[in-house]
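Visitor: Sequence:
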Amino acid sequence: MTKRPERQPCNILLIHSDQHRFDALGVNGHPLVRTPNLDRLAAEGVNFTQAFCPTPICSPERASLVTGCWPTRHGCMSIPGAEIYRPAQADLPLLPSLLHAAGYFVAHIGKFHNETAATPDKNGADVYIPENAYDQWRKARGVPPCPMPVYRGNDLSRWFGAVDNAATAATSRLAWGAGEVDRLLDDCAGKKRPFFIRWDPSEPHLPCQPPPEFAALYPPKNVPPWPSFADTLEGKPFIQGQQRRTWGIAGWKWNDWAPVVARYLAVISLLDAQVGRLLAALHRLNLEQDTLVVYTTDHGDLCGGHGMLDKHFVLYDDVVRVPLIMRLPGVVPAGRTCADFVTNAIDLATTFCRAAGIRPPATFSGRDLLPSAAGTAKDPRTDIFAMAQGSQFGLYSQRMVRDRRWKYVWNAVAEDELYDLAADPGELTNLALQPECRAELQRLRGRLVKWMETIEDPLLNGWTRRQLEQGLKP
Numbered sequence: 002m003t004k005r006p007e008r009q010p011c012n013i014l015l016i017h018s019d020q021h022r023f024d025a026l027g028v029n030g031h032p033l034v035r036t037p038n039l040d041r042l043a044a045e046g047v048n049f050t051q052a053f054c055p056t057p058i059c060s061p062e063r064a065s066l067v068t069g070c071w072p073t074r075h076g077c078m079s080i081p082g083a084e085i086y087r088p089a090q091a092d093l094p095l096l097p098s099l100l101h102a103a104g105y106f107v108a109h110i111g112k113f114h115n116e117t118a119a120t121p122d123k124n125g126a127d128v129y130i131p132e133n134a135y136d137q138w139r140k141a142r143g144v145p146p147c148p149m150p151v152y153r154g155n156d157l158s159r160w161f162g163a164v165d166n167a168a169t170a171a172t173s174r175l176a177w178g179a180g181e182v183d184r185l186l187d188d189c190a191g192k193k194r195p196f197f198i199r200w201d202p203s204e205p206h207l208p209c210q211p212p213p214e215f216a217a218l219y220p221p222k223n224v225p226p227w228p229s230f231a232d233t234l235e236g237k238p239f240i241q242g243q244q245r246r247t248w249g250i251a252g253w254k255w256n257d258w259a260p261v262v263a264r265y266l267a268v269i270s271l272l273d274a275q276v277g278r279l280l281a282a283l284h285r286l287n288l289e290q291d292t293l294v295v296y297t298t299d300h301g302d303l304c305g306g307h308g309m310l311d312k313h314f315v316l317y318d319d320v321v322r323v324p325l326i327m328r329l330p331g332v333v334p335a336g337r338t339c340a341d342f343v344t345n346a347i348d349l350a351t352t353f354c355r356a357a358g359i360r361p362p363a364t365f366s367g368r369d370l371l372p373s374a375a376g377t378a379k380d381p382r383t384d385i386f387a388m389a390q391g392s393q394f395g396l397y398s399q400r401m402v403r404d405r406r407w408k409y410v411w412n413a414v415a416e417d418e419l420y421d422l423a424a425d426p427g428e429l430t431n432l433a434l435q436p437e438c439r440a441e442l443q444r445l446r447g448r449l450v451k452w453m454e455t456i457e458d459p460l461l462n463g464w465t466r467r468q469l470e471q472g473l474k475p
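Take any residue in the sequence shown, note its place counting from 1, add 1, and you have its number in this note's numbering.
You may find that some hints are simply not true.
To be verified - Cut-off 27 Å, straight-line C-alpha distance, at most; resulting in silico cross-link-like pairs (DSSO-like, lysine-lysine):
1) Lys193 / Lys123
2) Lys451 / Lys474
3) Lys192 / Lys123
Please keep in mind that the hints were generated in silico from the structure rather than gathered at the bench.
Bear in mind the structure is a predicted one, so any value in this text is a computation, not a measurement.
Let's have the full structure, built from the sequences with the hints guiding it.
Guide: What follows is the structure, encoded as structure tokens:
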């Protein structure tokens, strides 16, 4: 491996998908899904196996990616339309503006999902192509609309997806997005100006609508259950069972879930094919040696895990643990696996600044991941945190701390959760009320309080501090 000069600014290609589970990748052990291009990217770079989103909700995670800080700092706690939604503060230093000021060509293609004046085109992006541009592109090619428009409508049954029989892989939303990125790479090739191109596909967020040729790859009878599927929810917060009832899935068996998951895997394979297209473009344009390529997602998806759907109201690994793959020749050794804990969006903002030769502003609270990627990090984290302000069934606040063995979830208005991940990686058995686990529970509560202090969490007040520190909650 030829070593790059120290801190030489590089091009950056970020592929930031929507709702991709960590374990729905070949390189991460899924027995069926076909992801040869992402697997190859990992083989040529580093695969982070302990990356966690700061919050499993689209808008606040995306706000963290551009502000480099926790939702408690940037202010966006939920999605537009939720009762607690407010946009991220526009007066914070924003990653696109920082990169633009440093001389980068900045482009954003696809989903943004924040109602704020800080849209990419107003804060540093030279090019912003929103996700709804696909609708006109599709119409211009004579293709009828998608059978289930993404995020639209209150008929919950429509959110389980369907095969998009009117489209082919070439006319899919994913092919459109990759085509826009491919075109921009062509424009950037041979120019001295470095680029930061961010592609945010809407997939594999439900409803998954693969074209027929990709749907055919996954007969539902071949799709295995997730390890967490067998959850009875005994001893779990009431809201989890309520989610099953509200969505009409309380009685679902795996035979009911398998078609939904099959479409999810099919869309992931289609996404993988577009990743392959972009990797080929980098090679063709002689850009791959000077480009940091990052594949990740905003959060995961239950998609049948724990017998539920979506996210918003749980902090299981199904939704907070995310894929993260990085490749940068000369900096990242090929074929490396890194188990350092990563606070995904927040650390990535700092990492992109460092890769561009920019000093991150004081409001950026993440870590540079390139030392971890190279295996030279001096002080890796010993635990990781996440938060959620649930909005699907009203206000439902959660905070999480997880170390190598234990996970504790503080549910402000429901039963707490404690899982021994060594014995129970599927998080099926809640140990929070077990007397033999009391000391472990209090240790983790203390660690959670210290973190909440650090991020200036408004949920930490005299009442909640006393509850956590003195063990006053059952």
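Visitor: Does the structure break any of the earlier hints, and which numbers would those be?
Guide: Violated hints: none at all, because every hint is consistent with the structure.
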